[in-house]
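In the order they appear, the protein sequences are chains Y, V and X.
Using UniProt numbering, the letters of the first sequence correspond one by one to residues 1 to 95.
Using UniProt numbering, the letters of the second sequence correspond one by one to residues 1 to 490.
Using UniProt numbering, the letters of the third sequence correspond one by one to residues 1 to 492.
These are calculated hints, taken from the structure and not from any lab test.
Being a predicted model, the structure only gives us computed values, none of them experimental.
Among the hints, a few may not be true.
Among chain X residues calculated to face chain Y with C-beta under 10 angstroms, some are [unchecked claim]:
| hint | residue |
| --- | --- |
| 1 | A29 |
| 2 | E344 |
| 3 | V424 |
C-beta atoms are modelled at their ideal positions from N, C-alpha and C, and glycine is treated no differently.
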Amino acid sequence: MSVDQTTVRRIAKLARIAVAEEAVPHLQDELNAMLSFVEQLSEVNVDGVEPMTSVIPMEMKKRQDGVTDGGYAELIVRNAPETEDNFFVVPKVVE
Amino acid sequence: MNAPINPKKLIKGATGDWEVVIGMEIHAQVASEAKLFSGASTKFGGEPNDHVSFVDAAMPGMLPVINEECVRQAVRTGLGMNAVINKRSVFDRKNYFYPDLPQGYQISQFKYPIVGEGVVTVDVSEDETINVGVERLHLEQDAGKSIHDLHPTMSFVDLNRSGVALMEIVSKPDMRSSDEAKAYVAKLRTILRYLGTCDGDMEKGNLRADVNVSVRRPGEPLGTRCEIKNVNSIRFIGQAIEYEARRQIGILEDGGEIDQETRLFDPSKGETRSMRSKEEAHDYRYFPDPDLLPLEFDQAFIDNLAKDLPELPDEKKARFMAEYGIPAYDAGVLVLERVFGDFYEEVAKGRDGKIAANWVINELFGRLNKESLDIENSPVSAAQLGEIVDLIGEKVISGKIAKDLFEIIWTEGGNPRDVVEQRGMKQVTDTGAIEKAIDEIIAANPDKVEQAKEKPTLLGWFVGQVMKSTGGKANPQAVNELLKSKLGIE
Amino acid sequence: MTDLTNLTIAGARKGLAAKEYSAVELAKAHIEAIEKARELNAYITETPEQALAMAKASDERIAKGEAGPLEGIPLGIKDLFCTKDVQTTAASKILKGFIPQYESTVTSQLWRDGAVLLGKLNLDEFAMGSSNETSAFGPVVSPWRRNNDTAKIVPGGSSGGSAAAVAARLCLGATATDTGGSIRQPAAFTGTVGIKPTYGRCSRWGVVAFASSLDQAGPITRTVQDAAIMLRSMSGPDAKDTTSVSMAVPDFEAAINRGVKGLKIGIPKEYRMEGMSSEIDGLWSKGAQWLRDAGAEIVEISLPHTREALAVYYIVAPAEASSNLARYDGVRYGQRSLGKDINEMYENTRAEGFGAEVKRRIMIGTYVLSAGYYDAYYVRAQKVRSLIKQDFDNVYASGVDAILTPATPTAAFGIGEMVSADPVEMYLNDVFTVTVNMAGLPGITVPAGHNAQGLPLGLQLIGKPFDEETLFAAGQVLENAAGVSQLPERWW
Ligand SMILES: [Mg+2]
Ligand SMILES: [Zn+2]
């Protein structure tokens, strides 16, 4: 399988990465190089093989219900590019 | 899905009848102290970003650890819907960008949900009950909140809700009218509140519905559906469905086509409108969350939760009908809320269940509604109402007097029996007193006595006079018999 | 007085206990060395004040006889570990200026045991790279050079800063992380020891995520014993990381002199790849001979799905990364670029904040997860991954105790020498190390010699799950046989 330039643009949109029009062909070549490299997997026989879920079999740890965290809004927003009254501030989102 | 078509449910269009098909995705906030994958509080409101941990804010290197109580709540809810519980389920990442989605993905369950198929029995009206199939229930994270009206060009983001546990309950497209849909949500809400797995507070958004609506000609395959997102009141759900069904019928009858889309309900206009901004094609790229292992538990875990489940509305309703001999509809009303049933049983225990039901539903609930009080703050306690029912049963007071007594207890309180004594509200059964009153009236109205011999219906007039002169306290039967004999009417 | 920067951790531990020098003196010596070595670009952030304060506290604890296992030991920390109140960048422009308000579990355990923070070490951006050339803070220069040549050499990656700093004596040991070889390959390129423990041995909490199902922390040190000492402090169950195993941490140091007598060491025939240099091939046989001489039985084994491991890696790792890096959106922390609406802000922030390699991997990861391709790529890759793990399970079930392989197909290359190469060529650096991450196994690389140009070469030992002890035992045998790993001449 290989990607065309429309797909490159679609993927970039999905990934929220601006791609300059002139950069598309180069990106396309790189992605196709990687895709042809991984193509070899299509030759492996995987009939009846379960996809790996956890590499080391173990039971999932769980937490007990109870408030043990939070209550430090100023630390949550300390690194934010723009805030107001401990809200994060972002360009308007249109519903 | 293809239940026999009920003509009463069909919608008349210009070109004939249409059947509306409704399915729902209900998001119910899990009742828990802490969030699904963090130790931050789930309390409603709070200062901006105060109920937020580094995990909820998706700081670099933060990892989710599941709250076991949320797992229990999901299983309880599954059991309450007679659903299949999956001993192994998997958390997936649903990837999309939105400012109130800090991780850039929502942790949800896509392929392997914790609860599978179930069924909810719904009373649509006094004489109609339907079964609504449940497709699945899965656990997932709630998002934060974006506030758009605090600034002209910027949105403000508060993550207090981010990561709170939700149960998404997906129904089958088994509903055929807005009434059925409303009744389904109401019933589901009742079950959740009985189980204590969700408080069902729709104003706070703790229970909200995505409603899928399509229309078709009776007997034809499903039409294209539209999803109305996040409707947060049962009334609005009804309005949204009515509007949307007619909108689609209009389009189809004009030879148009429905395009599958997400729509919003605008309560002020009573209309649904397309969410254009969300129209850009979604591709959520679900894959198993590598930070979490599969969620696994054994049968014993399920059995333990099952044995501790409370009596649920359906069982309670059946028991009320059998134990107190009340009609299905009354029983249905009395199990709508756990507290209703408890109140009723306190009134009915060892008394006439029918009279008790009548007084709880008609007198008490009616009055509570009028004053928009909830039963927890009823001025008349179950004990007091029980006493009133006793006084009626013992024929100490008549039904009419009982209403006055209820009024006094409601406004002034007190022990009903004492009030009856102090205010001389007892009905008079001692024939002496009644005879005296009758003799006076007969003496005063010889002409009427004459007419009564030909025209027995005049008896009613005499009864009225006697009741008047005894201030309504005379026992009606006694009055009747005495008059008949004295006037010589058979 | 001897140069305190030449000490091993074990040696410094003795010297500090014997009061031959103080932790403050030890820290000062390293702070000076770091200042003189800026040309290597090994550190992104230096924390001299913090180092001296911590060292002072160590001296007090030593005086009170309350020394921890790493008391006063000056370490460098890969800038992928979040450190409270100290900038943490993942070597990315998008995290420039990010000051964590929390401390990663691994580093907090190091401080608990008395270690001293010298600074944050350079790496490939978000640990994506094999040469440390993708860092937004510039490439790291290896302290090694080819014989009679001043060309700058790469230290390998992604833990290039860690490996270079340890080899150049800019710290006694360093933390590192390994997703496809990022501890072992740079260790091999710089003549140092690097171990990636079993997946789940070290908590990932507070470590900037690259590929969650593959990432593991581990140490880079100058000796096998030092690696054992550091790993013990870094390891252990963590309630904050669901994937960390609830298993007691063994005294790894106690295992280093066990030897290999009676152990069965496997030599996987699939690792003898066409075009492999005779130098590497020769080193590999030499390593086998050393182990045989020490009493191990050498057997040829087969790991049939080795060839596919790299392809699986380049689907699974980018897929997980594309999702893990979605949080860098300019909303809550890091750099934000402007845009007329929210999506333009996202797109500009991520276009300007991420480097080319990171963007490439996010794109490929987004593609293989997207509708219509998920089963063909991601699910299939995870199936092949199961087969790769099965290969190892079978080999270990047949009685093999550990596996010996080359660490890298070649010695280190020059900075810029691979820029012309397409990404895939660069990826081949990880061909011997990546299978280990696929199967979640422990792997250690030990310096075993030098190539004709005088650049270090390493050998890799792969162990059973949670059997790092055998790796330390066998690694020590290789270290002894190869001779004390010599350090590069100071030219900087
Ligand atoms: Mg939904
Ligand atoms: Zn949902």
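Broken hints, by number: 1
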